[in-house]
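Let the sequences and hints guide you as you build the complete structure.
2 protein chains.
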Amino acid sequence: MPERKFTVKPSLTTRGLLPENQETPLEFLQADTMNNYQFFRRNHFEYPALNQASYRLLLGGLIKQPVSLSLQDLYRFPARTLKVALECAGNKRGFFEPKAFGEQWGKGAISQGYWRGVPLANILDLTGFSSHAEEIVIKGYDHGGRKDSDKTYPYARSLPLEKALHLDTIIAYEYNGQPLSYKHGYPLRLIVPGWYAMASVKWVRQISVIGTAFNGPFQANDYMYYPNKETDEGAFPVTVQNVNSTIQSPQDMEEVSGRRHRIRGIAWTGQGSITRVEISLDDGVSWNEAAFHASSSPYEWVSWQYEWKPDRAGEYSILSKATDSTGRTQERKAFWNRKGYGYNAMDHVKVRVH
Amino acid sequence: MPERKFTVKPSLTTRGLLPENQETPLEFLQADTMNNYQFFRRNHFEYPALNQASYRLLLGGLIKQPVSLSLQDLYRFPARTLKVALECAGNKRGFFEPKAFGEQWGKGAISQGYWRGVPLANILDLTGFSSHAEEIVIKGYDHGGRKDSDKTYPYARSLPLEKALHLDTIIAYEYNGQPLSYKHGYPLRLIVPGWYAMASVKWVRQISVIGTAFNGPFQANDYMYYPNKETDEGAFPVTVQNVNSTIQSPQDMEEVSGRRHRIRGIAWTGQGSITRVEISLDDGVSWNEAAFHASSSPYEWVSWQYEWKPDRAGEYSILSKATDSTGRTQERKAFWNRKGYGYNAMDHVKVRVH
Chain A
952 MPERKFTVKP SLTTRGLLPE NQETPLEFLQ ADTMNNYQFF RRNHFEYPAL NQASYRLLLG
1012 GLIKQPVSLS LQDLYRFPAR TLKVALECAG NKRGFFEPKA FGEQWGKGAI SQGYWRGVPL
1072 ANILDLTGFS SHAEEIVIKG YDHGGRKDSD KTYPYARSLP LEKALHLDTI IAYEYNGQPL
1132 SYKHGYPLRL IVPGWYAMAS VKWVRQISVI GTAFNGPFQA NDYMYYPNKE TDEGAFPVTV
1192 QNVNSTIQSP QDMEEVSGRR HRIRGIAWTG QGSITRVEIS LDDGVSWNEA AFHASSSPYE
1252 WVSWQYEWKP DRAGEYSILS KATDSTGRTQ ERKAFWNRKG YGYNAMDHVK VRVH
Chain B
952 MPERKFTVKP SLTTRGLLPE NQETPLEFLQ ADTMNNYQFF RRNHFEYPAL NQASYRLLLG
1012 GLIKQPVSLS LQDLYRFPAR TLKVALECAG NKRGFFEPKA FGEQWGKGAI SQGYWRGVPL
1072 ANILDLTGFS SHAEEIVIKG YDHGGRKDSD KTYPYARSLP LEKALHLDTI IAYEYNGQPL
1132 SYKHGYPLRL IVPGWYAMAS VKWVRQISVI GTAFNGPFQA NDYMYYPNKE TDEGAFPVTV
1192 QNVNSTIQSP QDMEEVSGRR HRIRGIAWTG QGSITRVEIS LDDGVSWNEA AFHASSSPYE
1252 WVSWQYEWKP DRAGEYSILS KATDSTGRTQ ERKAFWNRKG YGYNAMDHVK VRVH
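Protein sequences appear in the order of chains A and B. Start counting the first sequence at 952; every next residue gets the next number (the working numbering). Start counting the second sequence at 952; every next residue gets the next number (the working numbering).
No wet-lab data here; the hints were simulated from the structure. Hints are all accurate, no fakes.
Same chains, same names: a pair is fine if it fits in one copy or spans any two.
Taking lysine-lysine and the BS3-like style, the derived pairs with C-alpha atoms no more than 27 Å apart in a straight line are:
1. 1301 x 1050
2. 1284 x 1301
3. 1290 x 1260
4. 1102 x 1301
5. 1102 x 1260
6. 1301 x 1180
7. 1260 x 1180
8. 1134 x 960
9. 1098 x 1050
10. 1260 x 1098
11. 1050 x 1284
12. 1102 x 1134
13. 1180 x 1098
14. 1260 x 1050
15. 1098 x 1134
16. 1098 x 960
17. 1301 x 1098
Just so you know, these numbers come straight off a predicted model, no measurement behind them.
Encoded structure:
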């Protein structure tokens, strides 16, 4: 009888089931793109039930005339393919001190791959819109109750005209060369590169041009930075991804042996491109440059590495710090905010070398 | 075309892949027993490749005569079925302050179900053994290197005679009515109820009676409580499970709405039985009795619940505390030890009520 082989593979980390929130096991992946089963799942509601056959994308509001488009209509537009790292605004929330309420995400509420679709601008070119237009509202099919309200709401977000009309803001119908998966927004997902992923509305139902500031609860209550614990004073919206980096290996509190180690991880930014990744092996006293290849897309992460030859056994406090082309860099401590968004302190792992 | 249904289920939480260490998503299970895919996986080495056809259990050392038994031989012994919660000695290691090196397990390195097999005592009755016998060594097929050594070792552990000969210490060949799964020890796993699960050796290869104290590294180096960070002074072995409890719902930093909540979880002990579970809603100032049914087996956990009607919105610090029939109870802070074993502080979650 042949010997039995065992398969060992990482699983998504469950953070919640109703709605489903599952995290990519980023520490255990060396992949540059995530497949549908590795991609993190972040939902606000139960998955919407869709009737695929009758699907049409609705356009309304301050446009020249209401329009609805079938998927076949959309496939006839010129398409763009973008490599984008989508990152939940709550990525790394679990690291805030003091802790912030909400899903206690670790390092894996980020995933990347190739999104293909039609620039939102091209669709709006078709419909035309009023000169009073201020924002574009994108509403998904997902909807339900909120813990802070008795009403039900759809998931809906707005973009300022400038971001909505940027040619990299697309209505995507493919991921990694295949139709979107159900859990990740089939049939259409808005992709807003460079912004935290709350902007990339799934299961797009309707696009509306409005002449005011949209104030749905996922725009005006959630996805706001509240610097104060007790009041809403000083609140401002979550938009562009902060410059950030993550150490994938070694892991925090790992014990390692030997005299050569490859410290590796990723770095990304929502603005410009990553120009430097530095590693400290002495808790921030001194810094060393990590090696990486410049990204091919401004919206993808870079994979960096640093060859480490520890000269003694014992404990080490390892930090990673990324800097982008606009001069933004990571600080030792993240900007604390009540809802726990945009965590981007230097990443930190402690290891013991034997 | 019909509407599409989505399946949502929790995954094991990956803590390591080489060797495979994956945690049961206990917070998301209300089950009383775990199936093979929900059961936590804790390995010291790669999975061993076994030749099933030629498998024989070897017995040696200070026995009257060396013996080997086929699985068919074992099936002819009278069998016992025990409901047992197996808990990794490192369960909850991630909660130690200061942190302890090693796999950063959360609350899910514990799982339970029905193990069926032959009392080790009955097998040793068959072979007989010398009056000089002191310990029984159980060696698994799994083997490999260690981070603190250049040699390779098998996974092997010993039991004192008294525990080895207890009729509840069994060589198990079935889990939940089916042959053991490969990942959980097929064809045979020692089950040592009441002790942390490092004692429950998987893929049992050989049982040896010895006249000395076994000093393999998984007995004399690992699975020892080291109370001091820098020295081995005061070390003592990890054996019986501490009294313990876990809050499964709500989760830490969860936001909840409404005026009725069921706080629920489990409690267990390796000694006696659980006699009381208390819940505090004010960070330990006052305590309330949780309801539970007495366990049917001394080795299973009890599932408890407490119906909570918060009288105000805001933040709550919730604690759970279990007490067993031998008078052991949980303290606010766990006994810190360098390798991070036996964490059993009161469980603690913070929630916000809307």
